[in-house]
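S.K.: Heads up: the sequence lines are chains A and B, in that order.
Residues in the first sequence are numbered from 1 upward in steps of one, following the working numbering.
Residues in the second sequence are numbered from 1 upward in steps of one, following the working numbering.
Rather than coming from a laboratory, the hints here were simulated on the basis of the structure.
Warning: the hint list may mix true and false statements.
To be verified - A few chain B residues that face chain A, going by a derived Cβ cut-off under 7 Å, partial list only:
(1) F46
(2) K168
(3) Y172
(4) T173
(5) S215
(6) H216
(7) L254
(8) D274
(9) A276
(10) A295
(11) V296
(12) R298
(13) D300
(14) P301
(15) V303
The beta carbon of each residue, even a glycine, is placed where N, CA and C say it ideally should be.
2 protein chains.
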Amino acid sequence: MSELKNDRFLKALMRQPVDRTPVWMMRQAGRYLPEYRAVRAKAGDFMSLCKNTELACEVTLQPLERYEMDAAILFSDILTIPDAMGLGLYFETGEGPKFRKPVRTEADIDALEVIDTASDLSYVTDAVTMIRRELNGRVPLIGFSGSPWTLATYMIEGQSSRDFARAKTMLYTQPELMHQLLEKLALSVIDYLNAQIRAGAQVVQIFDTWGGALSHAAYAEFSLAYMQKIVDGLISHHDGRDVPVILFTKGGGLWLEKMAGTGCHALGLDWSTDIAAAKSRVGDRVALQGNMDPAVLRADPAVIESQVDAILNGFGAGPGHIFNLGHGITPDINPDHVKVFIDAVHKFSAKY
Amino acid sequence: MSELKNDRFLKALMRQPVDRTPVWMMRQAGRYLPEYRAVRAKAGDFMSLCKNTELACEVTLQPLERYEMDAAILFSDILTIPDAMGLGLYFETGEGPKFRKPVRTEADIDALEVIDTASDLSYVTDAVTMIRRELNGRVPLIGFSGSPWTLATYMIEGQSSRDFARAKTMLYTQPELMHQLLEKLALSVIDYLNAQIRAGAQVVQIFDTWGGALSHAAYAEFSLAYMQKIVDGLISHHDGRDVPVILFTKGGGLWLEKMAGTGCHALGLDWSTDIAAAKSRVGDRVALQGNMDPAVLRADPAVIESQVDAILNGFGAGPGHIFNLGHGITPDINPDHVKVFIDAVHKFSAKY
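The shape of chain A in the complex, shown without the other chains (with noise of 0.2 Å):
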């Protein structure tokens, strides 16, 4: 592989120093971006995009041809493992991810196998490997996978949910059937993973984006601890580097010290924690990513860099900081406004 000319990301996970912030975008590659749209018109459906490596790798780099990112994330899903233990994932237009055949019972779930990266879902691995010999050493390349308990509520509710009325009646009435289900996908995530890093993932994330809707109690049994299992199982040191591992619950602010007791390097904060106070609140032990709120992109251009410069002035001086939006890009954002927001984040951040 060749030599990394931009480790900015890799030193500011590890809480080393940097010349600048490092700032990536969760959902970078997206349908805020023209260049993006079109190549998803000429695969068809958003799966024949994933599961297509050479337009997979194009529209993971359409970014960082426009912006000065410090990463690159691998363009995918985070519910191709459900969709890989046979539970047909599709998309209907207007409306989220659904499943075919969603896990509602005690048989659905002893059926369930964990999956096996290399003959399940060698189109992701196939994306990271291609993915990463176009980067050339540009920036590094993130993995990533949704959270056992993100997972399972898109498998139990067999789409996106307000409330979460099926997955949360399991967790309470068959709670030890939801921990059969959770250990399953905490088995394939460490897998699908591990694969990704062997692949050349970098570092990777883990995406819980349902742990906030749970109570204190029950997101410590039913989410962070299958996390936690996943930290536990990941190979951490891979191709001459220690491998970063971040864990972003959205809506998990008030967790933030039993996220960073996991033992990941990085926890990616929303919009609704303070990053300041989030900083005084974990120390030293681990480095913060975010925290933008998306909205922000939709204002003028002096106000997104008001905005950048607040939140580089919360977190401060020292290392550790990561510049990201609280959540992912929505796709009515004005591209000429991300290029304020990235070059607002270097033009700013030097001073700290």
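Fit chain B to the known structure of chain A by using the hints.
M.R.: Positioned in the frame of chain A, the structure of chain B alone reads:
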């Protein structure tokens, strides 16, 4: 007015000792009750039920006939104020509330007038008066309003929203315009809640359903500041008693100290907050109301009882706890499970 026979709720709000932890449920008069559905069918649509004094009174009292609740809450909607401002509130089956005339421009906001409850919302104060008479001192009556920010989101979006794109765009690009709207709403809420207090509401709760969608800085400036203004503007003593104020920001667990600093008497907690941690954070400044996940009511009675006990145990000894759910009860809950819940609170709380 007749003498209050059960003042457990009022005492707990003032952090005075009680024999058993008082309990009520957000949305306790609601669709999970067959007798509610019967009255609702008679009334026609939801707003017709709210505007019919006799029927609104009848459904307010229904849960008290079934369960040993320690408080009644006025049956109404949080969107009565924007409806009275002329936005044309309506409900479509299977969807949330909608407005015929959403507020989008400076001219729209200029045209809004602070409501005069006596002339614009007399159906609400009439209902309060009748409910107090019919309650005949059994338990105290809670009045309520949506928070200015929460009302503003519906008024600007014209309906429920996932990401509040329009409201946040206004907040970030035209903050002074947003402040103008919030100021009119805060003055309206003060008038509205004071009218409810004069009509007989013995406690008031402010529902900040969407405050948790804001960044920590935007929450302070655009939601909490206006709830502060309301707390400052409310009648603090009426009919020989203090009038306690409860603030509830869903998803506001990170901001409890700030909320307690407004001078309110109690904070509503959603289920993401550990009540033991909340108690140690706010100290003796406010009482705490909550915070069981409503999803627990779908589980078996033994699970409901153990979850109730865990929360009582979390709060521990000492005054200032009102048991509640972390959000409204959902329509699919078995009414027998509600009885298990209410009885468990009374049964287990005596030991603390």
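S.K.: With chain A as the partner, please determine if T173/B meets the hint condition of a C-beta pair closer than 7 Å.
M.R.: holds (5 Å)
S.K.: Under 7 Å is the threshold here; is the Cβ of H216/B close enough to any Cβ of chain A for the hint to stand?
M.R.: Since chain A brings a Cβ to about 4 Å from H216/B, closer than 7 Å, the hint holds.
S.K.: Is the interface hint for F46/B satisfied, with its Cβ closer than 7 Å to some Cβ of chain A?
M.R.: At about 19 Å, which exceeds the 7 Å cut-off, the nearest Cβ of chain A leaves the hint on F46/B violated.
S.K.: Would the hint on A276/B be counted as holding, given a Cβ-Cβ threshold of 7 Å to chain A?
M.R.: Violated. Min distance 9 Å.
S.K.: Is the interface hint satisfied for L254/B? The criterion is a beta-carbon contact with chain A at less than 7 Å.
M.R.: holds (5 Å)
S.K.: Given V296/B as an interface hint, is the shortest Cβ-Cβ distance to chain A below 7 Å?
M.R.: Hint holds; V296/B Cβ to chain A Cβ min 6 Å, cut 7 Å.
S.K.: Should the interface hint for R298/B be scored as holding, given a Cβ-Cβ cut-off of 7 Å against chain A?
M.R.: Holds, because the Cβ-Cβ distance from R298/B to chain A comes to roughly 5 Å (cut-off 7 Å).
S.K.: Hint check: is the beta carbon of S215/B less than 7 Å from a beta carbon of chain A?
M.R.: holds (4 Å)
S.K.: Do the numbers back the hint for D300/B, that is, is its least Cβ distance to chain A under 7 Å?
M.R.: Holds, because the Cβ-Cβ distance from D300/B to chain A comes to roughly 6 Å (cut-off 7 Å).
S.K.: Hold the hint about P301/B up to the distance rule: shortest CB distance to chain A must be less than 7 Å.
M.R.: violated (11 Å)
S.K.: Does the nearest C-beta of chain A fall within a distance shorter than 7 Å of the C-beta of D274/B?
M.R.: holds (4 Å)
S.K.: Classify the hint on Y172/B as holds or violated, based on whether any CB of chain A lies nearer than 7 Å to its CB.
M.R.: holds (4 Å)
The structure shown violates the earlier hints numbered 1, 9, 14.
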